[in-house]
Amino acid sequence: MNASLSIPAASVAAIEQSPGYWSGVFKRFLRDRVAMIAAVVVLVLVLLALFGTYVTPADPYQSSMLKRLKPIGTEGFLLGTDELGRDMMSRLMVGARLSLFMGITPVLFAFLIGSVIGIIAGYTGGWLNTAIMRTVDVFYAFPSVLLAIALSGALGAGIGNALISLTLVFIPPICRVAESVTAQVRSRDYVEAARASGANAFAIIKTHVLGNVLGPIFVYATSLIAVSMILASGLSFLGLGVKPPEPEWGLMLNTLRTAIYTQPWIAALPGLMIFITSISFNMLSDGLRSAMDVKQ
Amino acid sequence: MILFILRRILYAIPIMFGVALVCFSLVHLAPGDPLVSVLPPDASADLQRQLRTLYGFDRSLPEQFFSWILRAVTGDLGTSIASSRSVTEEVFRAVKNTLILASFATMIGFFFGSLFGFVAGYFRDTFVDKLASFISVMGVSIPHYWLGMVLVIIFAAQLNWLPATGAGPGGSADWAWDWAHMRHLVLPAITMSVIPMGIIARTVRALVADTLAQEFIIGLRAKGLTDFGVFRHVVKNVAPTALAVMGLQLGYLLGGSILIETVFSWPGTGFLLNSAIFQRDLPLLQGTILVLAIFFVLLNVLVDILQSTLDPRITRQ
Chain A
1 MNASLSIPAA SVAAIEQSPG YWSGVFKRFL RDRVAMIAAV VVLVLVLLAL FGTYVTPADP
61 YQSSMLKRLK PIGTEGFLLG TDELGRDMMS RLMVGARLSL FMGITPVLFA FLIGSVIGII
121 AGYTGGWLNT AIMRTVDVFY AFPSVLLAIA LSGALGAGIG NALISLTLVF IPPICRVAES
181 VTAQVRSRDY VEAARASGAN AFAIIKTHVL GNVLGPIFVY ATSLIAVSMI LASGLSFLGL
241 GVKPPEPEWG LMLNTLRTAI YTQPWIAALP GLMIFITSIS FNMLSDGLRS AMDVKQ
Chain B
1 MILFILRRIL YAIPIMFGVA LVCFSLVHLA PGDPLVSVLP PDASADLQRQ LRTLYGFDRS
61 LPEQFFSWIL RAVTGDLGTS IASSRSVTEE VFRAVKNTLI LASFATMIGF FFGSLFGFVA
121 GYFRDTFVDK LASFISVMGV SIPHYWLGMV LVIIFAAQLN WLPATGAGPG GSADWAWDWA
181 HMRHLVLPAI TMSVIPMGII ARTVRALVAD TLAQEFIIGL RAKGLTDFGV FRHVVKNVAP
241 TALAVMGLQL GYLLGGSILI ETVFSWPGTG FLLNSAIFQR DLPLLQGTIL VLAIFFVLLN
301 VLVDILQSTL DPRITRQ
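Chains as they are written, first to last, in the numbering used here: chain A, 1 to 296; chain B, 1 to 317.
Bear in mind the hints are in silico, worked out from the structure with no lab data behind them.
C-beta atoms are modelled at their ideal positions from N, C-alpha and C, and glycine is treated no differently.
SDA-like mimics (lysine to any residue), calculated; alpha carbons at most 25 Å apart, straight line:
(1) A:206 <-> A:125
(2) A:27 <-> B:124
(3) A:243 <-> B:279
(4) A:243 <-> B:150
(5) A:243 <-> B:265
(6) B:130 <-> A:292
(7) B:130 <-> A:276
(8) B:130 <-> A:272
(9) A:27 <-> B:126
(10) B:96 <-> A:140
(11) B:130 <-> A:289
(12) B:130 <-> A:39
(13) B:130 <-> A:37
(14) B:130 <-> A:28
(15) B:130 <-> A:33
(16) A:243 <-> A:276
(17) B:130 <-> A:29
(18) A:243 <-> B:275
(19) B:130 <-> A:223
(20) B:130 <-> A:41
(21) B:130 <-> A:293
(22) B:130 <-> A:279
(23) B:130 <-> A:286
(24) B:130 <-> A:36
(25) B:130 <-> A:222
(26) A:243 <-> B:26
Here are some chain A residues the structure puts well away from chain B; computed CB gaps all over 10 Å:
(27) 27
(28) 51
(29) 56
(30) 117
(31) 125
(32) 188
(33) 289
Here are some, though not all, of the chain B residues that point toward chain A, as calculated from beta-carbon distances under 7 Å:
(34) 15
(35) 18
(36) 137
(37) 146
(38) 153
(39) 157
(40) 256
One chain only, chain B, in its complex shape (with noise of 0.2 Å):
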C-alpha cells in the first residue's frame, strides 16, 4: 500500500514539472514586453535596464525558468508587478475564497448529482429516468456564467433576496462564518454546483444500472433481502467511482471558477486571475495558475489512493 502511495506521487512529479513548464512558457509566450503595464511610456532606457534585472527577464530563458521553479518549490512565486506585493500571498488568499465556494458547490452538486442518478438508475427507462437524465444534461449543457446572471436577476434584482455580488457585507474580501457572509455564497454556490451535479448524475445512473444488472443482485432478491438490503449493496458498489468523480469535479471546479467568479465578483483565484490578464501582470498570472494545476494534480494523486483503498477491486500493482 505505501509502495502503491509512494509510486503514484513519484509519477506526479515529472507532470508537476511539465506543468511548470508551460506554466512558464505562457508568459514567454505572450506578445509584448512583459513589464509594458509598469513601464510609464517615456521610461528611459536606464530604468527599463533596471526593472528588467529587478524581475529577472534579462537572463536566458532556461535560466529564468529554472530560478522560478527553485523559487517556488521553497513557495516564493516572485512579485506582482501591478501591486508589488508578493505573488504566493495573494494567491494563497485568493485559494481559500475559490476553495470554500468551490467545496460548497461541490457538495451541493454531489448530494443532488447522486439522487438524480439513483433514482434514474433504478427507474431505468421509465419517464423518472428520462426527466432526471434530462435534468443531468441540462446541467451539463448550461453556460453556467449565464445561469449566475439569471439567478442574480430573480433573487437579487427582482426579489431582492440575496446579494448579487461580493463575498461579505461591504465588498469585504475576508470569508467569516457568519450568516451576513453566507448569504454571499447562496448564488455563487448553487450556480456553480449545476455542473458537477449533471457529470455525478450521469456517472452514478450508469453505475447504478450496471450494478443492478449484475447476478449477485438476483443472489441477493433470491435468499430474500429486503429492497433496503439490496439498495445497501448498491451504494457500496457504487460510491468509490462516485466519490472519485467528486473529487476530480472539485479539481475542476477551483481551476474553472474563473467565470462564475467574474460574475459575482467573487474575491477568489478566477477573480485574481482575471485582473491578472487584463492589467498583464504576467507573474501574477504565472503563479495563478501554477497553484491551481498543482492543486489539480495533488488531488488527482489523493483521490486515486482514496480510490484503491476505499474499491478492494482495485489492484495496485
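Bound conformation, chain A alone (with noise of 0.2 Å):
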C-alpha cells in the first residue's frame, strides 16, 4: 500500500514484517466458506463469458425447425432446444457473455463516475455539495425500476441505451455513499494537518482521502452487481436491451414464455442462470464486506 514510503533497504530487514491490511482482509475472505462458494461460481461465469464460445457442445445461434423445444435431456441436446430449435446448453453458456456484460459494465461506469462525483461534493462541501447532493435527491425521488425503464424505455431499446440507462441509475447511490464517507475522513486531523503544512486539495485528496474512502464505495458497488444484474436482464425481458438473435438470459426468458405449457421447466432455465448469478454476486459482496469490516 505504502509504495511511495521509501524505506531504507537496511531497516526493513530489521523491522518484524506484520501483516498488512490487505492480507488480513484476503485470510478473513478465504475463511468464509459461503464466500469461496460464491467466489467459485463467479468465477466459472465469467470463464464461461470469456471462452463460452469456444466449449459449447453446439451452434447457439443454429435454428431448426424440426429440433423445437425437445425436453431436457433428447440425445445431443442435454438442456434441450429453444422456440427455434436452438441448443439450450451452448446459449445458456454463451448467454453468460452478454447477461453479465450487461450487468457489471453500468455498476463499474456509475462506480468511476459517482466516486468522482461523489468525493467533490464530500470533500469541498458548501454550495457545490448543496447542488450536486439536490440533484441526487431527485434522482432518488424514482424507484430505481421505474427510472430504468423509463430511462431506456424513452431512448428506445438497444444494448447502448440500456447501458446508459442503468448506469444512470446506479450513479446516484454512489454518489450519495461516496459523498458520506468523503465527508467523514474530510473531517479527520491528518487531513486537516495536511491542508495546515500546505497541501493543496488535490494532492489531499489523492494521498489522504481515496485510500480510505474507495475501499467503503467499492464494497457497496459490488452490492449493486446483482441489482444491475436483475435489472439488466429485466431491460432485455421487456425487450429494451439485447435485441434477438443475441443470446442473453432475460432475452430468452422472454422469448420462452410462449413455452411455459409445453417445455416449461426449459422456460424457466434463463432465470435459473440470472438467480444464481445475482444470489453469488450478493454473498460475494456480503462476505467482501465483512472481511473489510465495512460498517453501513
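Hints are included, so try docking the two chains, each in its own frame, into the full complex.
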C-alpha cells in the first residue's frame, strides 16, 4: 500500500514483517466458506463469459424447425432446445457473456463517475455540495426499476441505451455513499494537518482521502451488481435491451414465455442462470463487506 | 410538530419540481419525432404542423415545460397520443390496480419479513439464523419476473389451481372484492412480496440483534420480566424503523411493478408504461412516470412524519 514511502533497505530487515491490512482481508475472506463458494461460481461464470463460445456443444445460433422445444435430456441436446430449435445448453453458456457484460458494466461506470462526483461534493462542501446532493435527491425520488425502464424506454431499445440508463440509475446511490464517507474523512485530524502544512486539495484527496474512501465505496458498488444483473436482464426481458437473436438470459426468458405450457422447465432455465449469478454476487459482496469490516 | 410537518412538505416541493423536470426531459431525450406513432407515413406537411400545434410541440422547450407543469398541477396531464384519451384518467385507473397489488405484496412481505427477521435476530448465529438470512438473501437476489414465471408454471400451467394472467375473469380490468377477482391477485402478490420480504427481514434482524445487545434488556431481565415482556420492549424499539422501511418498500413496488405486471398482464401502471413505451406514446409515458414519482416522494414525506411521531428518539428540529 505504501509504495511511495521509501524505507532504507537496511531497516526493512530489522523490522518484523507485520501483516498488512489487505492480507488480513484476504485471510478473513478465505475463511468465509459461503463467500468462497460464491467466488467460485462467479469465476466459472466469468470464464464462461470469456471462453464460452469455444466450448459450446453446438452452434448457439443454429436454428432448426424440426428440433423445436425438445425436452431436457434429448440425445445431443442435454438441456433441450428453444422455440427455434437452438441448443439451450450452448445458448445458456454463451449467454453469460452478454448478461454479465450488461450487468457489470453499468456498475463499473457508475462507480467511476459516482465516486468522482461524490468525493468532490464531500470534500469541497458548501454550495457545490448542496447543488450536487440536491440533484442526487431528485434521482432518489424515482424507484430504480422505474428510472431504468423510463430512461431506456425513452432512449429506445438497444444495448448501448440500456447501459446508459442503468449507469444513470446507479450513479446517485454511489454518489451518496462516496459523499458521506468523504465528508467523514475530511473532518479527520490528518487531513487538517495536511491542509495546515500547505498541501493543495488535489494532493490531499490523492494521498489521504482516496485510500480511505475507495474501499467502502467499492464494497457498496459490488452490492449493486446483483441488482444490476436483475435490472439489465429485466430490460432485455421487456424488449428494451439486447435484441434477438443474440443469446442473453433475460431475452431468452422472454422469448421462451410462449413455451411455459409445452416445455415449462426449459422456459425457466435462463431465469435460473440470472438467479444463480445474482445470488452469488450478493454473497460475494457480503463476504467482502465483512472481510473488509465495512459498516453500513 | 406542525412546524416539522410543514418544513418536511416544503422541502419536498423543490424535489417534486426536479422530478417534473426529469420527466419532461425524458420526452425530449427521446430520439425521433414524438408524433411518429400517430402520423401516417404519407402525412402532408400541413397536417404535421396542425398536430404539432395541437399537442404543443411547436413551442419552445421552457414554454412547453411550464405550461405542462401548470396544467399538471391542476390535474391535467394532457392527451394520450395513441388512444386520444385523457392521460390523467388512464393513469389513475391503472394506479388503483397497482396500489391493490403493491399493498397486498407489501403486507405479505412485511409479515414474513418481520417473522424471519425476529427469529434470525433472536437466535443470532445459530442454524435458524443462517436459514432465515439465506431466505432473505434469496428474496433480494431472485429475479422476480422469473419467480412469477415459475409460479405460473407450477400453479397455473401444471396444477391449474390459479389463473395465470389478468386481474379478473374474462380479462376485465375493473377490480372487485370477490373471490373471482382475488384469485387473480394471489400469484402476482406473492411474487411481488419477495422483494420487501428480503429487505424487511434483513432490517429487522439487524435491529433486533442491536436492541437485544443493549443494556436495558439486561436490566429488564434482571428485574424479573418474563421473556414475553422483554419481547414487547424489543418490538417497541424495532417497530418504527421496520414500519418506515415497509412504507418505502410500498413506494418502490408501486414504481417497480412493471416487470411483474408484464408477466401477469396485470392492468396497472407498469402495464400502462409498457404500452406507452412500445407505442411511443410520450405524453402517457411522461404522465405515468410523473404520477409514480410524485407518489413516491409524498410517501417518503408521510413515512418520515409517521416515523418521527412513533419514535420519540427522533428529534424534530
